[in-house]
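In the order they appear, the protein sequences are chains A and C. Take the first sequence: its position 147, counting from 1, is numbered 147 in my numbering, and each next residue is one higher. Take the second sequence: its position 254, counting from 1, is numbered 1254 in my numbering, and each next residue is one higher.
None of these hints come from the bench; they were simulated from the model. Be aware that a few hints might be false.
To be verified - Stretch-level coverage of chain C by chain A, calculated; a stretch enters the list once three of its residues show a Cβ under 8 Å from a Cβ in chain A:
#1 1237–1250
#2 1321–1335
#3 1353–1362
#4 1370–1380
What the hints assert, rightly or not - A few chain A residues that don't get close to chain C, going by computed Cβ distances all over 12 Å:
#5 6
#6 67
#7 213
We put the CB at the ideal spot given by N, CA and C, even for glycine.
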Amino acid sequence: MILQVHDARAGMNAFAVPTWWASLEDERVIRDDDELPDVTLVELAGPSAGRTLLVVGAVAELLAEPTPEALASWAEEVRALHSDAAPVHLAVSLDEVTSLEQLLTLASGRRWPPFDVRAAAARTDADPVPQQSVTGGQAAARAYADALVAQVEVLLPPSWQTAADGAAEATACISRALDADPDVSAADARVLRDACRSTLAELEADGVTISGPRDALLWPVPAEHGQIPIDVAADAALEVMLGQLERPADLAPDRPVVVPLEQLPARALLARLGGRR
Amino acid sequence: MTGTPALPAGTTLVHIGPYKTGTTAMQGALWEARPALAEYGIVYPGDAAHEIDASMAVALGYVYAGKSLDVYRQRWFDLVAEMRAARPRIGVLSSEVYCEATDDGARAVLDALGPQTHVVITVRPIVRLLGSQWQQYTQNIPVPPYDEWLRVILGQDSEGGEPESGTITPSFWRRHRHDRLVERWVGLAGADRVSVVVVDDRDHRGLPAAFEGLLGLPDGLLRPPADKTNRSLTYPEALVMQELVGRTSAAPWSSADHARFVRFGAARGLQAAPPDPRAERLLTPAWAVDRALEIGAGMAERIGASGARVIGDLALLSDRALAPAEGENAPVGAIDPGAAAALAVGIISKLTGVHPRPEHRDLAGPVERAAWSRHRAVAELWEADAARDGARGAAAREIARRARRRIRG
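This is chain A alone, in the form it adopts within the complex (with noise of 0.2 Å):
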């Protein structure tokens, strides 16, 4: 299967160029200028294949102008690279793509770096969750983070890296949703968000998938006297849970799975003992 990753257009797929392609020299990777010019092509299997990848940043790296009129022509775009043959996906990443397996990662619907699991069992419920760093000027984001970090449990001895993973998701986004140094007035900022929460809705609703911190498609609105737009806290909250999700564990499909006794349930032992799993 195959999956079509456009050339570097509008903000989108920046890395997408030909000599970073070249620097992969990966059998994977396929180009036919006469077949499909502007696109790149890489061999893959899973769900992700046949799809067409756009990797977006930040909705101000997108729109020309902060504008819904901006916002619609984006929109436009990306609707015009998707078909039901080749449907988009857009994976918000707010690094630079530097390697094919972090794009790969990114196809998938996963975040990158992935969850390092060595890291992880580095630490205990033992451990203090970090405090979070927040842009410069945002005093609301800061007593978010201070708050957030002065309230947060480990239940469990290997969930640490959970909770410093959810600490550090929805502080950022709270950290890129309240805008610190803002381009246009709260008014057409609070517009131009709700416009992008519609963009991305109707966007999903015509097949488009999107993975990554989609928040960050959502323009940045200034905080209000101090505090947290409603949408804004919802949207944090939502980062928390998604972080997990697009950041699962690997573990071995043939792992040997040994079940104490006391912690299966009835059904499931009654269903092993009638030799099914």
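Starting from the known structure of chain A, fit chain C onto it as the hints suggest.
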């Protein structure tokens, strides 16, 4: 209420709520007093103050997503057996879930508990339930704004002018037609086996005192614990829950993940944090207060006529002095950073509680499965490291043993 005559020995008292009538407080009081209750021959069985899953399984015929109906149905019968085995003077079960019991569920409860069952129903003025019940809905399911919801709930009159369930939050009147609830259980159990306790929110000893009377306990033995996890939400907190629930109640979010991480995660996170003192409380418009008091008066009349024993003053159900803060909330678009953080903290805390058992729960949602995979991977790495360290230690001991032999030999 201290003059309430005690129920006879051999009775099983089953408290059926309904919701928002002090059930959590009473369950907490009974739970914390279990050793003292035993001295008076009272048994309150179970492993928690409220065995809600077991109660749901038997009364409603379903359990929350991710849980096993069969397991919790059996759990309920085990609770009854535990209670019987202790041969108490009076056994007590309490769950607001029973107020919504299906006909089969109600019959199953009464049949299992036997003819000496006494049903206790706690009632509060409808006017005091509107705000708290709307807030509860905002934590569970998508609901309209408060004013709009009130117009639907209080305007859904049948031809006879009585409030009826509609399509929006139909459980409200299913739970809070307290008059019909009393009539139903009088019909099922008999008027002499039903007591109605009218809760007066101004008297914090009133409800425990009524239970002390029914159970033949000394004054002051039942003390509801201070429950900071069940506090009312501020108006901005309710709005942020409404926003979050609205976004996670449908695909691609699973109901199991929604229940675990939003309903019992984010909402609990908000309630666990102290409320922002500057945040506005939820206000109930005057027209809604008037209508709710009118409905309360009608309910009081029917409860009084039901034949059930009434403990307390039914006139409270239409007493304007008990009405909540009147008014209309100004539009709110933002929330205190601490409360916004508490929302996320509730989810994070629930995530960190996902157990690294060898296999994830069968009915776990995608988010829970992802968290489980991470925790399981860490646990397996720790186990592998411990096994390797153990093997290294054994090898080192063997080498040392052989070295000692060579030196000696």
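These are the hints, each one checked on the structure:
1. Counting residues of the segment 1237–1250 of chain C whose C-beta lies closer than 8 Å to any C-beta of chain A gives 6; at least three are required, and the coverage claim holds.
2. For the segment 1321–1335 of chain C, the stated coverage by chain A holds: 4 residues have a C-beta nearer than 8 Å to a C-beta of that chain, and at least 3 were required.
3. As drawn, the segment 1353–1362 of chain C meets chain A at 8 residues by the rule of a beta-carbon pair under 8 Å; at three or more, the given contact holds.
4. Counting residues of the segment 1370–1380 of chain C whose CB lies closer than 8 Å to any CB of chain A gives 10, so the stated coverage by that chain holds, three being the minimum.
5. With a least CB separation of 26 Å from chain C, residue 6 of chain A remains clear of the 12 Å interface cut-off, as annotated.
6. Listed as outside the interface, residue 67 of chain A is consistent with that label: its C-beta sits roughly 22 Å from the nearest C-beta of chain C, beyond the 12 Å cut-off.
7. The non-interface label for residue 213 of chain A is consistent with chain C: the shortest C-beta to C-beta separation is roughly 14 Å, beyond 12 Å.
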